[in-house]
Amino acid sequence: MKKVLYYVTQLILFISFWLNCFPIANIMVSRKYEADDGCISGITGENLCIQQTMWIAICILIVVLMIVLGYNKKRIIKK
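Note that the numbering used here has the sequence shown beginning at -4, numbered continuously upward.
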């Protein structure tokens, strides 16, 4: 893998991490103001706890990918 492609991949992962963490805050606000019984939205009827868990798992996966790529940088970028 070339050096430029490695850094572009890291940049895409970094940006996608922040873009995927925004819905977590959004769901937390929805759970506070829309959900009467904790997890079920009073407006849409969707389970907000499942959505929040999914977004947290995606963010953790992205962080793990960033760490793995950073740890194996010398092995990935070969001259």
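Derived from the structure by calculation, the hints contain no laboratory data. Please note: incorrect hints may appear among the correct ones.
What the hints assert, rightly or not - In silico DSSO-like pairs for lysine-lysine, Cα to Cα no more than 27 Å straight-line:
| id | residue 1 | residue 2 |
| --- | --- | --- |
| 1 | K(-2) | K69 |
| 2 | K73 | K27 |
| 3 | K73 | K(-2) |
| 4 | K(-2) | K68 |
| 5 | K(-3) | K69 |
| 6 | K(-3) | K73 |
Fair warning: this is a prediction, and the values are worked out from it, not measured in the lab.
Is the straight-line distance between the alpha-carbon of K73 and that of K(-2) 27 Å or less? The given pair, whose Cα atoms are some 9 Å apart, holds under the 27 Å limit.
Check the hint pairing K(-3) with K73 against an upper bound of 27 Å on the C-alpha distance. Holds - the C-alpha atoms of K73 and K(-3) are around 8 Å apart, at most 27 Å.
Is K73 within 27 Å of K27, Cα to Cα? Given that 27 Å is the threshold and the Cα spacing comes to 50 Å, the pair is violated.
Quick one, are K(-2) and K69 close enough, alpha carbons at most 27 Å? holds (10 Å)
Hinted pair K(-2) and K68, Cα distance within 27 Å: Since the Cα atoms of K(-2) and K68 sit roughly 9 Å apart, the hinted pair holds (cutoff 27 Å).
Pair hint outcome, K(-3) versus K69 [Cα-Cα no greater than 27 Å]: holds (11 Å)
Consistency with the previously given hints fails for number 2 only.
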